[in-house]
Amino acid sequence: MFRFTIRRLMAGVALLLIVTSATFFLAHLAIGDPTAGLLGNSATPAQRAALHEKLGLDRPLFVQFWDWFSHALRGDFGTSWRNFQPVSDQIALRVPVTLSVVIAATVLAAVLGLAVGVATGLHPGGALARVLKLASVVLFALPGFWVSLVLVMLFAVRLQWFPAVGYVPLTQSASGWLSSITLPAVALALSAIVMIAEQLRNGFVEVTKQDYVRTLRARGLSPRRVTLHVLRNASPAALTVLAVMFVGLLGGAIVVEIIFNLPGIGQLTQSASQIGDIPILLGLTAVTVVFVVLVNFLLDLVLGWINPKVRDI
Amino acid sequence: MAACTNTTAPSDGGTGSDDDIKIGTLLDVTSWDPAQADIGFDGPYLSAVYDPLVSLNEDSDPVPGLAMSWKYSADRLKLTMELREDVTFSDGEVFDAAAAVQNLEHLKAGVRSGATYANVERFEEVDEDTIALHLKQKDEALLYYMGLGRSWIASPAAIKAETLATQPVGSGPYTYESNTSTPGSEYVFTKRPEHWDDQTYPFGTLHVLPIADPTASFNAMLSGQLDVAYANATDIPRAKERGWNVAADVATWVGIQFTDRTGERLKPLGDVRVRRAVNHAFDGAAMLESVGQGAGSATNQVFPAGGPVHDPSLDDRYAHDMDKAKELMADAGYADGFEVTMPMSSIFQPWQPSVEQTLGELGIKVTWKDLSPADYQKNAATYPMFVAVLALDSNPAASMDGRIVSEQWFNPNPSTQEFPEVQKLIDEALDVTGEEQLPLIRELNEEITEQAWQSVWYQADNTYFSVEDITVTPITGMMFPTLRFIQRG
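In order, the protein sequences belong to chains U and V.
For the first sequence, position 129 (counting from the first letter as 1) is numbered 129 according to our numbering, and the numbering increases by one without interruption.
For the second sequence, position 191 (counting from the first letter as 1) is numbered 1191 according to our numbering, and the numbering increases by one without interruption.
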């Protein structure tokens, strides 16, 4: 297990290096000199040149990369080109917002996906299974932003149960926090619930046919204990889907963050892209990759714990 | 659950308390440091915590702020200002001439604010309540820019501590409540009862919410989370149905910027007949209706519609006439057209099909070079012509300088000297001041319209919705007006 853990960690570090380096050079190639955009209409060429120098853009690209990389290793992602504030401070403000929504959506998807998956797995021909089938078709056909807008119009505008926009930090008000993340989390979780339930149901149907399940039943184990055995063997696929979902939700959060006006990393990514704020984009990329690596690492550990054969892969 | 939160409010506008106001703007605050802030959308944030030396009134004329009065010397190279004596900053520091000079020096050194003071040589503390700005050359737009958002005055202690960017300390009508604010989502301010201009700011608690998405902003108005919103013109009928106030005024001009008017890089553009042909070819009114949702004014001019320089009679100068456009092209020797490479980015794609089709009818074959939105501003002006959406200024002298005379990213080579009539009018306008300038700038406007310096299709409005008992007065030059333009009534 130790070697397995080290291997996975090293793969994660390599991924982090490759993605951030590629992002650095691609961003500089694609965005180039951002000073005109940052200074606006009335900027003179002299002002642009001064800002160019202030931002260090007059140095060779490799020097700029090494400067960024060596600082990033120490947790210093530089300063934003928009407001000249530390990137790490701004990301630290935004990460809790996105994580609040994504974790809430993941928990919601895991709990409801598990419940529906087990229920439909136990009764694959039942009414709930048919509803799940229909829901999966409908939810995949509908764009995520449309579902979000329907939730806003119904629960925020018409019923006024939840706010239409905005975010309240947990440290400010627990109920306000819960209220502000409920609709975005539901919007993100809906299709994830269906996907996890489908995976679990398929796994359940497959595992239930196995000989050892018949043996367990023949030995007189209670249906509850048999179900738990089946669940353990049917869950890897669903767990993988859940982890992929989490990573996907991190990227997909941008849509709900814009619709619900949440100041998360998705919204920050969008605004930084528009004005070409490369330090912010690089910081966000590094943080997102760390999350992806961590989630995959944890998934590998769990899968390795469930199934020792995985450790040899 | 809604009752437990501080993000919801009663339906159909109104924030629960008559004393509160919730304002939805398009962008987050750039910086709380006035030297690093933008004029465009930072108005509501900065005007809450800072007082300006100079304000603007509804006609965009400079009016007193912390400077009670001002006077130019006979040669217009010295501007003397008398300051208010009854002002203290929220940290207890006193506002006086030393504080004013310190602030102006800070603004002159600022990355974004510095351009306003480019013509100022030095600032002088004349006495405790008097300052003087010594100019290197006349600057008729200086007071306008100061009023637009370039003379916010911060506490000297905060400037010295270099903490302004995150912790604003001013003498303004409100104080920023960082404990109850959520950066990026909602900024909360409470009124300072001791403020010297208490009457101008009727709201007790102020909430400013940056909401980039127009749909989210409209939904926030519908759910009662906002009293004022930066709006999308497509929502105007629905806003009127709900009894909201709709305020709009021109903010940008939309069209084609010719960066090469001398034909140095693309010979045909050096011929005024070709530039006029392009002007005649576009149906600006139709583009305003289709792409601009009808929110704006169809015009050929770069001076704001309704302003003192804009001449309505010139709006027919380039009436849509494809036959005439083709005739002009033939007269110029380009009956078969020519080829041009133009930049394009996602922001300008709504106009791309019209541009391609219209220029195509003239025989002008466009090759598009795709750029990222961020790269567009850097590179667009390296092409001989490009699709532009450029901000307008309400002040004639500022408009003349920014759109015609000085180098800008969108106009890297003003080439005024290549157009003797244009240069002559600029020289004459710069030689006089104030009201005497106006007729000359009007003539200049006519001349550059005649010379087809741009192909302006229309001027686009910025639109604001507000609930029934709140009014917003748009100011051309401010993408979102400062708080003094958001009032009860």
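There may be inaccurate statements among the hints.
To be verified - Counterexamples of contact, computed for chain U against chain V with all Cβ distances above 12 Å: (1) 15; (2) 47; (3) 85; (4) 94; (5) 159; (6) 224.
Said to hold, decoys possible - Taking lysine-lysine pairs in the PhoX-like style, the calculated list, with each CA pair at most 25 Å apart, reads: (7) 54/U / 1324/V; (8) 1108/V / 54/U; (9) 1267/V / 1191/V; (10) 1136/V / 1324/V.
If you are wondering where the hints come from, they were derived from the structure by calculation, not from laboratory data.
Note that the coordinates shown come from a computational prediction; the quantities given were computed from them, not determined experimentally.
Beta carbons: idealized from backbone N, C-alpha and C, even for Gly.
Hints that the structure is at odds with (numbers, increasing): Result: hints 2, 3, 4, 5, 7, 9, 10 break, sorted rising.
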